[in-house]
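Peer 1: Here is how the chains run, residue by residue.
Number of protein chains: 2
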Amino acid sequence: MYRNKTCGELRLIDAGTDVTICGWVQRMRDMGGMTFIDLRDRYGITQLVFNMDGNQLLCTEARKLGREFVISVSGKVTERSNKNPKMETGEIEILVDQFTLLNASKVPPFTIEDESDGGEDLRMKFRYLDIRRNPVKEALVLRHRIAQETRKFFDAQGFIEVETPVLIKSTPEGARDFIVPSRMNPGGFYALPQSPQTFKQLLMVAGMDRYFQLVKCFRDEDLRADRQPEFTQVDCEMAFVEREDILQMFEKYIKTLFEAEKKILLSAFPRMSFEEAMRDYGNDKPDLRFGMKLNDITSLVKGKNFKVLDEAETVQAIVAEGCSAYTRRQLDELTEFVKRPQTGASGMIYVKYNTDETIRSSVDKFYSTDDLKHWISATKAKAGDLILVLAGASGKIRKAMSELRLEMGNRLGLRKKDVFSPLWVIDFPLLEWDDELKRYQAMHHPFTSPLPEDTHLMDTDAGRVRANAYDLVINGQEIGGGSIRIHDRNLQQKLFSLLGFTQQQAESQFGFLMNAFEYGAPPHGGIAFGFDRLCALFGGSDSIRDYIAFPKNNSGRDVMIDAPAPVSKEQLDELGLEFKYQL
Amino acid sequence: MYRNKTCGELRLIDAGTDVTICGWVQRMRDMGGMTFIDLRDRYGITQLVFNMDGNQLLCTEARKLGREFVISVSGKVTERSNKNPKMETGEIEILVDQFTLLNASKVPPFTIEDESDGGEDLRMKFRYLDIRRNPVKEALVLRHRIAQETRKFFDAQGFIEVETPVLIKSTPEGARDFIVPSRMNPGGFYALPQSPQTFKQLLMVAGMDRYFQLVKCFRDEDLRADRQPEFTQVDCEMAFVEREDILQMFEKYIKTLFEAEKKILLSAFPRMSFEEAMRDYGNDKPDLRFGMKLNDITSLVKGKNFKVLDEAETVQAIVAEGCSAYTRRQLDELTEFVKRPQTGASGMIYVKYNTDETIRSSVDKFYSTDDLKHWISATKAKAGDLILVLAGASGKIRKAMSELRLEMGNRLGLRKKDVFSPLWVIDFPLLEWDDELKRYQAMHHPFTSPLPEDTHLMDTDAGRVRANAYDLVINGQEIGGGSIRIHDRNLQQKLFSLLGFTQQQAESQFGFLMNAFEYGAPPHGGIAFGFDRLCALFGGSDSIRDYIAFPKNNSGRDVMIDAPAPVSKEQLDELGLEFKYQL
Numbered sequence: 005m006y007r008n009k010t011c012g013e014l015r016l017i018d019a020g021t022d023v024t025i026c027g028w029v030q031r032m033r034d035m036g037g038m039t040f041i042d043l044r045d046r047y048g049i050t051q052l053v054f055n056m057d058g059n060q061l062l063c064t065e066a067r068k069l070g071r072e073f074v075i076s077v078s079g080k081v082t083e084r085s086n087k088n089p090k091m092e093t094g095e096i097e098i099l100v101d102q103f104t105l106l107n108a109s110k111v112p113p114f115t116i117e118d119e120s121d122g123g124e125d126l127r128m129k130f131r132y133l134d135i136r137r138n139p140v141k142e143a144l145v146l147r148h149r150i151a152q153e154t155r156k157f158f159d160a161q162g163f164i165e166v167e168t169p170v171l172i173k174s175t176p177e178g179a180r181d182f183i184v185p186s187r188m189n190p191g192g193f194y195a196l197p198q199s200p201q202t203f204k205q206l207l208m209v210a211g212m213d214r215y216f217q218l219v220k221c222f223r224d225e226d227l228r229a230d231r232q233p234e235f236t237q238v239d240c241e242m243a244f245v246e247r248e249d250i251l252q253m254f255e256k257y258i259k260t261l262f263e264a265e266k267k268i269l270l271s272a273f274p275r276m277s278f279e280e281a282m283r284d285y286g287n288d289k290p291d292l293r294f295g296m297k298l299n300d301i302t303s304l305v306k307g308k309n310f311k312v313l314d315e316a317e318t319v320q321a322i323v324a325e326g327c328s329a330y331t332r333r334q335l336d337e338l339t340e341f342v343k344r345p346q347t348g349a350s351g352m353i354y355v356k357y358n359t360d361e362t363i364r365s366s367v368d369k370f371y372s373t374d375d376l377k378h379w380i381s382a383t384k385a386k387a388g389d390l391i392l393v394l395a396g397a398s399g400k401i402r403k404a405m406s407e408l409r410l411e412m413g414n415r416l417g418l419r420k421k422d423v424f425s426p427l428w429v430i431d432f433p434l435l436e437w438d439d440e441l442k443r444y445q446a447m448h449h450p451f452t453s454p455l456p457e458d459t460h461l462m463d464t465d466a467g468r469v470r471a472n473a474y475d476l477v478i479n480g481q482e483i484g485g486g487s488i489r490i491h492d493r494n495l496q497q498k499l500f501s502l503l504g505f506t507q508q509q510a511e512s513q514f515g516f517l518m519n520a521f522e523y524g525a526p527p528h529g530g531i532a533f534g535f536d537r538l539c540a541l542f543g544g545s546d547s548i549r550d551y552i553a554f555p556k557n558n559s560g561r562d563v564m565i566d567a568p569a570p571v572s573k574e575q576l577d578e579l580g581l582e583f584k585y586q587l
Numbered sequence: 005m006y007r008n009k010t011c012g013e014l015r016l017i018d019a020g021t022d023v024t025i026c027g028w029v030q031r032m033r034d035m036g037g038m039t040f041i042d043l044r045d046r047y048g049i050t051q052l053v054f055n056m057d058g059n060q061l062l063c064t065e066a067r068k069l070g071r072e073f074v075i076s077v078s079g080k081v082t083e084r085s086n087k088n089p090k091m092e093t094g095e096i097e098i099l100v101d102q103f104t105l106l107n108a109s110k111v112p113p114f115t116i117e118d119e120s121d122g123g124e125d126l127r128m129k130f131r132y133l134d135i136r137r138n139p140v141k142e143a144l145v146l147r148h149r150i151a152q153e154t155r156k157f158f159d160a161q162g163f164i165e166v167e168t169p170v171l172i173k174s175t176p177e178g179a180r181d182f183i184v185p186s187r188m189n190p191g192g193f194y195a196l197p198q199s200p201q202t203f204k205q206l207l208m209v210a211g212m213d214r215y216f217q218l219v220k221c222f223r224d225e226d227l228r229a230d231r232q233p234e235f236t237q238v239d240c241e242m243a244f245v246e247r248e249d250i251l252q253m254f255e256k257y258i259k260t261l262f263e264a265e266k267k268i269l270l271s272a273f274p275r276m277s278f279e280e281a282m283r284d285y286g287n288d289k290p291d292l293r294f295g296m297k298l299n300d301i302t303s304l305v306k307g308k309n310f311k312v313l314d315e316a317e318t319v320q321a322i323v324a325e326g327c328s329a330y331t332r333r334q335l336d337e338l339t340e341f342v343k344r345p346q347t348g349a350s351g352m353i354y355v356k357y358n359t360d361e362t363i364r365s366s367v368d369k370f371y372s373t374d375d376l377k378h379w380i381s382a383t384k385a386k387a388g389d390l391i392l393v394l395a396g397a398s399g400k401i402r403k404a405m406s407e408l409r410l411e412m413g414n415r416l417g418l419r420k421k422d423v424f425s426p427l428w429v430i431d432f433p434l435l436e437w438d439d440e441l442k443r444y445q446a447m448h449h450p451f452t453s454p455l456p457e458d459t460h461l462m463d464t465d466a467g468r469v470r471a472n473a474y475d476l477v478i479n480g481q482e483i484g485g486g487s488i489r490i491h492d493r494n495l496q497q498k499l500f501s502l503l504g505f506t507q508q509q510a511e512s513q514f515g516f517l518m519n520a521f522e523y524g525a526p527p528h529g530g531i532a533f534g535f536d537r538l539c540a541l542f543g544g545s546d547s548i549r550d551y552i553a554f555p556k557n558n559s560g561r562d563v564m565i566d567a568p569a570p571v572s573k574e575q576l577d578e579l580g581l582e583f584k585y586q587l
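Those protein sequences? They're chains A and B, same order as listed.
The first sequence begins at 5 in my numbering and counts up one residue at a time.
The second sequence begins at 5 in my numbering and counts up one residue at a time.
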């Protein structure tokens, strides 16, 4: 027993008791005859007092301690004369009788405070010190809480957590697999799962009825800012369900989390078709914390000899409320913004509908006040508003407009951290045409079933078939997605052939699943939530990395342990492998 | 909504209500004008009735169904005339109004019954059908329950579940790693963790204080009967603890599981030193459900001109109670048993201490009745008992005797399935001498600390140093093991050098951990439980495979999905790898 109390639990009521606590030296202050140390552990901070008059030797020893030294101290809990109402333990301090140095510390490479002076790289290299900082520690504790709530919820709903294998088989569909050479099966490779998709479907065929799992998944992709090669999913599947059953169940799950974690009672989640989302927000994961819908004004703008708009496939407008007084400079900034390669518009048109009802625009040369009044009425702008217009190729402009809308949302403070706007997006297209490959690709994945009312189009007009799929979007982030699956061998085979699989390819890669469908596969469907993302949402952060104990950087490296790393020639020899290049 | 009830929940009180249930056709019986179908889902079996008189068309359709067809049926719950008290739903049946065929089934390759006619290979290939069988399904549900109980326990004790990475770095110490080539870091490889050992220690350095995780671990080992290349651990670590704290905490965990799962209240777990276990049971994981300790009679047997015993390094005896009447044939069987290569003795000596107090032995030629009386008093045998004696080299004989003891335990019915005898084995040697490598190896792993009272021997007599380690053994199975860890850089470095690491090797492989020890590492220790094994223990099975949803076979293959499998040349090219042999 190194301690009988923690640094977070002592209160005034404990005054007079003798305690032993352990922790790290957070701060030390010498005040003439006294030395104060803030001792920190996972649970909090407690102030220690050493008195030069009372025990000179002890106090002298204490003054030799440094930041992050680990000590065990014994002493009497005492009421503070100088109380600190900001600290939970701020009414007491410990008059130290004795202490033991458990371990010394070098000077840490950055300060272990809520706001650290360490850069990202340094903090990642010394992640074990970074985690000592409150915000990082709290993020991991939050993740733990949400994981436990998740399991409690699904357990109570009769779901069974089943561990699916990590060493599976590589399939060329989708993102790249990580592969794992097998020593016992020379020339054979396992792959790490991108998701347990086929296994959870097999569990439905197996009669498990309700399955869930918090499960690591892997993708060997070039990492964008907020992707990790390994990530965690809340993976779920149910048998004998239709879409409505799934939406109800998992809406309840998300509501339960919000109630437990944020004391927020969410009302019924609205639903929106993919088509509507693309039309009104230019995006299939709209942030509904604010309106500012897209207005299609294409037909209004034609025939005024302004070539840019005359030739545009689409012209879209949004209304920034109360922004008619935007300065030249603010408007230039927005123009810069839309012209960035990642936004992709070629320019921006604005119309100021001033508070005095005058109208000013960047296209006054081509459009009369009367023309612009049509724009105003089409977009329902009010006096004092600013209309922003983008024009060009349809796909490009929807994307650019969606980004501009979010940017304006940010500028106007409409994307509030403490507001949560969930949304089910439904009725996605089943297939997307890939111009390069000259064939369809699955918009979700090849196990997604078509909407029952669209199934008849599979043979005649596959591009128009909608999927029985759904995404959960919160505040513009895709939190989860899933579908009712195909459970019929013939339909599955038809979809594989639309996706360009030969019968042989389909058989060799997914034969086990199609065979399973011939032995009494029940109708089933499911969903998967990005758990790292879900934690970031509850933590109020944009980065999932903060919610992962030991994340990898953008090159997929763990800079703390220095992985990946070369392995010995013997290891490769045993696997029959050779690395072809000179490093 | 395909259903509003399950096949497991209807009772007499529901009679008269209209319900819709779904499931698989388990059995069908035509009885003249009636057809009965047992419909099965995860929750149970419900009897359906189709009446030729009432609805000829429906009944005719029903008769076309086959085993494992999936249907949805609607009808009225009715009291049975012929109740079946063995079934929970045995008081009712459903008079079917209509049914929908949801999916047909080919004839399954084995019967979906508690006792299947399918061999292991076939059942593994069609694992999704095997899981429909009650014993397999129940094993997975049991695993789910134990996982939830585990998390509930550790959460309540203030442990935080932290996910450690799966893509880490290869270390040559211990078993073989699976390696994962990194496309983004050409020539670099991740390794899959054999355990999260270093990460959980870093979490202690990080101040997380109490950590746990149910975590997949990986070992590229030649698979013995009951090993899997991927397996699950309950992995735990605590800071500021001594051995006693750990034993208390995890004893409580195991007791909690026994109470929740088996309604068994276990009393305090006995503790035994490694030395005592080896002396009394010839084994460091003794099955304490029965006594039959080993007796060292080496000094008693010398000098009677019986070369075998005169020359033996050790002579060990056990007493089989009430077995003095064993026949020639029974004794021959035991002799055969000890002479098997896996037992490894060269022969067996017996002494029958008959109920009439006469003494008969296989060595009467060399030992007088008076001599043998000494054996009897040394082993505390009673009239009616049989003494079994093995002699030879010490290590070999202890092992053989341990096996003979277990065999006798089996024969005498002393290893009862419903009796659980937990035991902490402590004070293991820190190091084992490896005669081949001519150096020490860590008995547990290189992060295990020596017992404080033995630390002074590290420099002078390392082979005699005992480890601050502990194993939890239940019924002769090692369920978990762990240690108080080293948290001092110098001690860690000393241990690495005893294990034959050059300073450079230690630095390149474990530098990150040793560096971490310099920034205020607290004293810490932990334990890991084999979760698959734990489930098998509670399920009353010897095989962990039954408790894994999709296990691999002894060659590490998943025969259902047919993995591992070759990958395309393009995939290998992208990784810069080449497979060197022609397949």
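Treat the hints loosely; a few may be bogus.
Here are the simulated DSS-like pairs of lysine-lysine, each with C-alpha atoms no more than 27 angstroms apart in a straight line [said to hold, decoys possible]:
#1 K266/B to K220/A
#2 K267/B to K220/A
#3 K156/A to K129/B
#4 K220/B to K220/A
#5 K369/A to K156/B
#6 K156/B to K220/A
#7 K156/A to K573/B
#8 K256/A to K573/B
#9 K9/A to K141/B
#10 K573/A to K377/B
#11 K266/A to K156/B
#12 K498/A to K9/B
#13 K156/B to K259/A
#14 K141/B to K266/B
#15 K156/B to K442/A
#16 K141/A to K9/B
#17 K259/B to K156/A
#18 K442/B to K156/A
#19 K129/A to K156/B
Simulated from the structure, these hints should not be mistaken for lab results.
Every value quoted in this text rests on a predicted model; they were computed, and no experiment measured them.
Peer 1: Against each hint, give a clear statement of whether it holds in the structure.
Peer 2: Results for each hint:
no.	hint	in the structure
1	K266/B to K220/A	violated, 31 angstroms
2	K267/B to K220/A	violated, 34 angstroms
3	K156/A to K129/B	violated, 33 angstroms
4	K220/B to K220/A	holds, 10 angstroms
5	K369/A to K156/B	violated, 71 angstroms
6	K156/B to K220/A	holds, 21 angstroms
7	K156/A to K573/B	violated, 45 angstroms
8	K256/A to K573/B	violated, 47 angstroms
9	K9/A to K141/B	violated, 45 angstroms
10	K573/A to K377/B	violated, 63 angstroms
11	K266/A to K156/B	holds, 21 angstroms
12	K498/A to K9/B	violated, 33 angstroms
13	K156/B to K259/A	holds, 22 angstroms
14	K141/B to K266/B	holds, 18 angstroms
15	K156/B to K442/A	violated, 52 angstroms
16	K141/A to K9/B	violated, 45 angstroms
17	K259/B to K156/A	holds, 22 angstroms
18	K442/B to K156/A	violated, 52 angstroms
19	K129/A to K156/B	violated, 33 angstroms
Of the numbered hints given earlier, the model fails hints 1, 2, 3, 5, 7, 8, 9, 10, 12, 15, 16, 18 and 19; all others are met.
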